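Line by line, the protein sequences are chains A and B. First residue of the first sequence: 0, per numbering that gives the first Met the number 0; consecutive thereafter. First residue of the second sequence: 0, per numbering that gives the first Met the number 0; consecutive thereafter.
Hints were generated in silico from the structure; no laboratory data involved. None of the values given here were measured: they were computed from a predicted structure. There could be a bad hint or two in this list.
All copies of an identical chain are treated as equivalent in the list; a pair is satisfied when it fits inside any one copy or across any two copies.
As the list claims (entries may be wrong) - The calculated EDC-like cross-link candidates involving lysine to aspartate or glutamate, where the alpha carbons are at most 20 Å apart (straight line), are:
id, residue 1, residue 2
1, LYS120, ASP70
2, LYS42, GLU87
3, LYS67, GLU39
Number of protein chains: 2
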Amino acid sequence: MMSDRVDHIGIAVNDVVEVARFYSEALGVEVSEPEFEPTEGVKIAFLPTSSGLVELLEPVNEASAIRKFLDNRGEGMHHICFEVLDIEAAMRQVVAFGAQLIDEKPRHGRGGRKLAFVHPKSAHGVLIELLELGKE
Amino acid sequence: MMSDRVDHIGIAVNDVVEVARFYSEALGVEVSEPEFEPTEGVKIAFLPTSSGLVELLEPVNEASAIRKFLDNRGEGMHHICFEVLDIEAAMRQVVAFGAQLIDEKPRHGRGGRKLAFVHPKSAHGVLIELLELGKE
């Protein structure tokens, strides 16, 4: 099996502090302090639930993919991330199936981990991130 | 804390068999055989990842909420479900915050578990399901 673990779900938001307050106060879910993630041009807060992470993503510049998503669709669920053992092998399998990747080569995310996105047009409307397992 | 666990993510699809083939063959994720769930008017297949369930939901009748979602938005991520200990207490907390519920009273889902939905307009574009822990 290529993947048997969802690493996280990403949610696009306009104001991470306001949305963190909703999850914390209306739902009673613990939310981390927002932090700046320069590789994606976003501020991120995490809902560290026991079953995995939910990320709240607020764009901090116009180049951010989250900015484009918000302009086109408004706030909402943005992507689902599957952890994979070998990103290059995972990308080859996606292409062999006939699906389209957004990234031709793996790029580097938080902590230097390698990742690539599958195009939602090839994935029945879902933006799918493939994230290589950390080495540590 | 009211909730510290995501129970599942729901994805709305036109054809559960076709989408199951995508997850299975392109991503190498195990997918269960589709089953009929009469309380929601859907066929469901599960991606039983080690970090929690992903549900693929295909409507089987016009009354299904998934049918309306597909007509309005097309295929894509539909909802996120948080497990709660006490559904009535969780619903009171949502209302006390000033957010709007779709269900005035809990309704009964698969296996008789009590659930209620928070309106996406109150939840920054995300349809949130609250699902009471099973008793077994």
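Could you place LYS67 and GLU39 in one of the four classes (within, between, both, neither) given a Cα distance threshold of 20 Å? Within one copy only: 12 Å inside, 33 Å across.
Notebook entry, point to check: Between the shortest in-copy and the shortest cross-copy C-alpha distance, which are at most 20 Å for LYS120 and ASP70: within, between, both, or neither?
Noted result: both (19 Å within a copy, 17 Å between copies)
Discussion item. For LYS42 and GLU87, with the copy left unspecified, which applies at a CA distance of at most 20 Å: within, between, both, or neither?
Written reply: Neither, since 28 Å and 33 Å both go past 20 Å.
Hint 2 from the list above is the single one not met by this structure.
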